[in-house]
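Asks: Sequence:
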Amino acid sequence: FGYCRECNNILTQRTWESESSKLHFESGVRMGLGTFNLMISLLPARIIKLLEFIGFSGNKQSGMQDLVTGSQSAGIRQVLCVMTLLGYNLIVCYVLSHKEGDLRFCDELLVKQLKQYPDGVWFLFFKGRLEFMKGNLDEALKWYKKSWKSQSVWPQFHHLCFWELLWVNCLRLDWRESLLFATYLVENSKWSRTIYTYQKASIMCMLKQSELHSSEVRTIANLMKEVPKYKQRIAGKSLPMEKFACKKTERFFAQQSFLYVPALELMYVWNLFKILGKHFHLADGVFRIVEENLKHFEERENNKSNPTYGVYGTDNKALLLLLKGACLRQMNSPLQATSCLENVIAMYKDLKEDHYLVPYAIVELALIYIDQGNKDQAILALEDAKKNYSGYSLESRLHFRIHTALMELKGKSYENIPAGADP
56 FGYCRECNNI
66 LTQRTWESES
76 SKLHFESGVR
86 MGLGTFNLMI
96 SLLPARIIKL
106 LEFIGFSGNK
116 QSGMQDLVTG
126 SQSAGIRQVL
136 CVMTLLGYNL
146 IVCYVLSHKE
156 GDLRFCDELL
166 VKQLKQYPDG
176 VWFLFFKGRL
186 EFMKGNLDEA
196 LKWYKKSWKS
206 QSVWPQFHHL
216 CFWELLWVNC
226 LRLDWRESLL
236 FATYLVENSK
246 WSRTIYTYQK
256 ASIMCMLKQS
266 ELHSSEVRTI
276 ANLMKEVPKY
286 KQRIAGKSLP
296 MEKFACKKTE
306 RFFAQQSFLY
316 VPALELMYVW
326 NLFKILGKHF
336 HLADGVFRIV
346 EENLKHFEER
356 ENNKSNPTYG
366 VYGTDNKALL
376 LLLKGACLRQ
386 MNSPLQATSC
396 LENVIAMYKD
406 LKEDHYLVPY
416 AIVELALIYI
426 DQGNKDQAIL
436 ALEDAKKNYS
446 GYSLESRLHF
456 RIHTALMELK
466 GKSYENIPAG
476 ADP
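Residue numbers for the sequence shown follow this note's numbering, so the first one is 56 and each next one is one higher.
Calculated from the structure, these hints are not laboratory results.
Please note that the accuracy of each hint is not assured.
[Claimed, not checked] Derived DSSO-like pairs (lysine-lysine); straight-line CA-CA distance at most 27 Å:
no., residue 1, residue 2
1, Lys-302, Lys-201
2, Lys-280, Lys-333
3, Lys-329, Lys-201
4, Lys-284, Lys-189
5, Lys-197, Lys-154
6, Lys-115, Lys-197
7, Lys-442, Lys-407
8, Lys-292, Lys-350
9, Lys-280, Lys-292
Model the full assembly from the supplied sequences, consistent with the hints where possible.
Replies: Structure follows, in structure tokens:
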């Protein structure tokens, strides 16, 4: 970051003899400063303050402006500025926050770039991602496949396309098609075999028993056994998503080789439920599956001769109610959604393992309050989830979303503002 700032000083203070050299130099400065400012601005306020103390800054507006300026220039790093803007709006925003990226702006960028680079592998990919975020799943499939087939020099890029194709097909509820891409990732990608293996097993669990061959039933069990074997440690720590997958495999065997809607749970924790709200039929399809499983749950709970399910009964019901509430929010049914989410929160003391469900439910409630324009209640709910719950699965992932929501509601220095007070 210090180098970028020094280069910015050179850009403004030097007398340039060549306009061409200045143009290309400026595009690099814009890209560097813009990317640093944008990415640092996503971090929690306490970390930003520490970074500012040692000379870093994290001004989102400044970062966006630098990148937009760089994307509109003819400098050699113009393409990198465009790709950073697309990556932020189409990936980062969806993974780390409850907000959408600027889809219209991305559309405008891609029209220009695809006209200039019609076979550009990254621009084809981002076009697929744009259609995915719009909820246009068939269009997303088309563009992702174009990106995948546009080159064969870099096979690792195919894995990125297959990851996206897997989830597009999951949202289409085409489990067999998504299983093809899940299988390829398990067999060919080394990024996280634990996650890939669990994802494949989860997708197979979504198939009805009548649709599974006996060999596939054995395959599910074998995959679940394999999941913990590939767990990685980076800098002495496990990846949160891998720990989550390993816990779920333990539950699978504790419940006599059974999990409730594991692929839908993964869709939720990967923050893909917001796409369901783009088209009613997408949310309705997921909602029907959850309702069917809730009915199945009640039937199993009434079977007193099977004590295994009773041990995790509250956890299973809370999961299904959280997913139902999240679906109902996307279907614009806030009262019904609120009822489901409040039921999840009330179950906290009875949960055996899945304590993450409660803070996630509280954040869902906060998002309903935001949708309704009830700012004060939203802030109180977000502060509750942030301060009163800890040590649960995927905690950091949720804290990023809480941070971005509070930033929007309170402003940059929200951590100095009491909950419920106006900034």
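Asks: Let me make sure I understand: some of the numbered hints might not hold for this structure. Which ones are they, in numerical order?
Replies: 1, 2, 4, 6, 8
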